[in-house]
Structure formats: structure tokens, C-alpha cells
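For chain H, the structure is supplied; the task is to place chain D on it using the hints.
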Amino acid sequence: RKEVEQDPGPFNVPEGATVAFNCTYSNSASQSFFWYRQDCRKEPKLLMSVYSSGNEDGRFTAQLNRASQYISLLIRDSKLSDSATYLCVVNPGAGGGNKLTFGTGTQLKVEL
Amino acid sequence: GAVVSQHPSWVICKSGTSVKIECRSLDFQATTMFWYRQFPKQSLMLMATSNEGSKATYEQGVEKDKFLINHASLTLSTLTVTSAHPEDSSFYICSASGPGYTEAFFGQGTRLTVV
Chain H
1035 RKEVEQDPGP
1045 FNVPEGATVA
1055 FNCTYSNSAS
1065 QSFFWYRQDC
1075 RKEPKLLMSV
1085 YSSGNEDGRF
1095 TAQLNRASQY
1105 ISLLIRDSKL
1115 SDSATYLCVV
1125 NPGAGGGNKL
1135 TFGTGTQLKV
1145 EL
Chain D
576 GAVVSQHPSW
586 VICKSGTSVK
596 IECRSLDFQA
606 TTMFWYRQFP
616 KQSLMLMATS
626 NEGSKATYEQ
636 GVEKDKFLIN
646 HASLTLSTLT
656 VTSAHPEDSS
666 FYICSASGPG
676 YTEAFFGQGT
686 RLTVV
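From first to last, the protein sequence lines stand for chains H and D. Position 111, counted from 1, in the first sequence is what this note's numbering calls 1145; the numbers after and before it change by one each time, with no gaps. Position 37, counted from 1, in the second sequence is what this note's numbering calls 612; the numbers after and before it change by one each time, with no gaps.
Everything labelled a hint here was simulated from the structure, so no lab data went into it. Misleading hints may appear alongside valid ones.
To be verified - Partial pick of chain H residues on the chain D-facing surface, computed with a CB cut under 10 angstroms:
hint : residue
1    : VAL1038
2    : LYS1079
3    : LEU1080
4    : ARG1100
5    : GLN1103
6    : PHE1136
7    : GLY1137
8    : THR1138
9    : GLY1139
10   : LYS1143
11   : GLU1145
Keep in mind that this is a model prediction, so the values were computed, not measured. In this text, a Cβ means the ideal position worked out from N, Cα and C, and glycines have one as well.
Only chain H is shown next, with the shape it has when bound in the complex:
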């Protein structure tokens, strides 16, 4: 089993749609969780951290379920500029020394 698994994608959605991505992780002791966004041929950029209580940043909502080892990202009212690959990222914590583990990414294409 991969350490971080994501929906395979790609997701092609019309502008204005709501889309959700899922991710599961295998290390139950993992400490920190993130969603990164990567545009084609660019470095990943932090989109948002993920907390058990859930967190929202504008049109983006992230949720963590530690019991199920499951992370989600919801994008509302999607824009053309949201087209990118979304990476689920897990940090095992102090013992792992901030060694981030990346999922394979889910590609989102927002169309007119």
C-alpha cells in the first residue's frame, strides 16, 4: 500500500462546479497534513494545511479524519485558474524530520 494515495483523476469540470478530492494515508502516527498545488512545470505551492477541525480558505475547504486516515479537499465555484495538479502531502512528524510524503496528485481541468 502506498503511503499516500489519491483519487486518480483527471477531473474535467465546468467553470462554477464544485469538486472534491480525496486522499488516504497509511501512517497512523502522521502529524501534519497539507494540500499543495502544482502547475505544469512548476514547483509545488502550499495551498492549505489540514486540521482535524476542518478549515476553510475562501472557496477551498479541507477536512481531516484521523480515525479513517482520510483527507479531503473541496473546491467550490471552480475557476479556470484552478486548473492544476493537487497534491496530498503528509508529514510524519518529529520522528520523520519534516520529510514530506507526496501523493501522486490529482489533475483538475476547469473548462468553459
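Just chain D now, with coordinates in the frame of chain H:
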């Protein structure tokens, strides 16, 4: 967030030559730096972890004699791809972390093409 600068952005080199990539943390002390490689349509794969002043720890399957990592200061780490071959062509990205940070900050990446 903190700033990490990576150079060069892209490089084309001949097979058999060596290429050095630099990764600098501009506004924080990077006690740990990570080097990743990403092939087309694949995710980032960790190559090695380096802590300032000590030898890098390489992931399984990564040749330490081919990918030389130096992390001699709290603001600079370098990756040298020695005797590069076409199969080493890839997108190399560094990230850095330091005290007080739970996430890592990425450099802009270096696209290496070996011809």
C-alpha cells in the same frame, strides 16, 4: 511563508558532464533540506535528506556517488549530478525546513535535460 531560491531554473548539458544545482534559504535557517526528483506525469520522489553539517541520507535506490549533496551552511545546499546521462533528465526540486516550521518550502525547481 519563507523563501527558498533554487538555481539554475533549467540546464541542458552533454552526456557525461556534471551539473550543480543550488538551493538557498533566503530568510530563515534551513536546518534540513530535501531534494526531490519528478519525472513527467509522476509525483515528486524524495531523493535525499540533508541536515546542515552532516552527511545526507539517501532514499533507497538513489546512488549517493552519482547525486552528491552538500549542506555546509544553514542557508545553502547543493546537488551535483555527476556524469549525467539522458535518463537523469528530470525536474529536480529542493525544499527546506527549519526550527518552528511544520511545512517545507520549495525552490522553483531545476529542469535538467541531458543530451
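Verification of the hints:
no. : hint    : in the structure
1   : VAL1038 : holds, 9 angstroms
2   : LYS1079 : holds, 7 angstroms
3   : LEU1080 : holds, 6 angstroms
4   : ARG1100 : violated, 16 angstroms
5   : GLN1103 : violated, 18 angstroms
6   : PHE1136 : holds, 5 angstroms
7   : GLY1137 : holds, 6 angstroms
8   : THR1138 : holds, 4 angstroms
9   : GLY1139 : holds, 5 angstroms
10  : LYS1143 : violated, 14 angstroms
11  : GLU1145 : violated, 20 angstroms
Checked against the numbered hints given earlier, the structure breaks hints 4, 5, 10 and 11 and satisfies all the rest.
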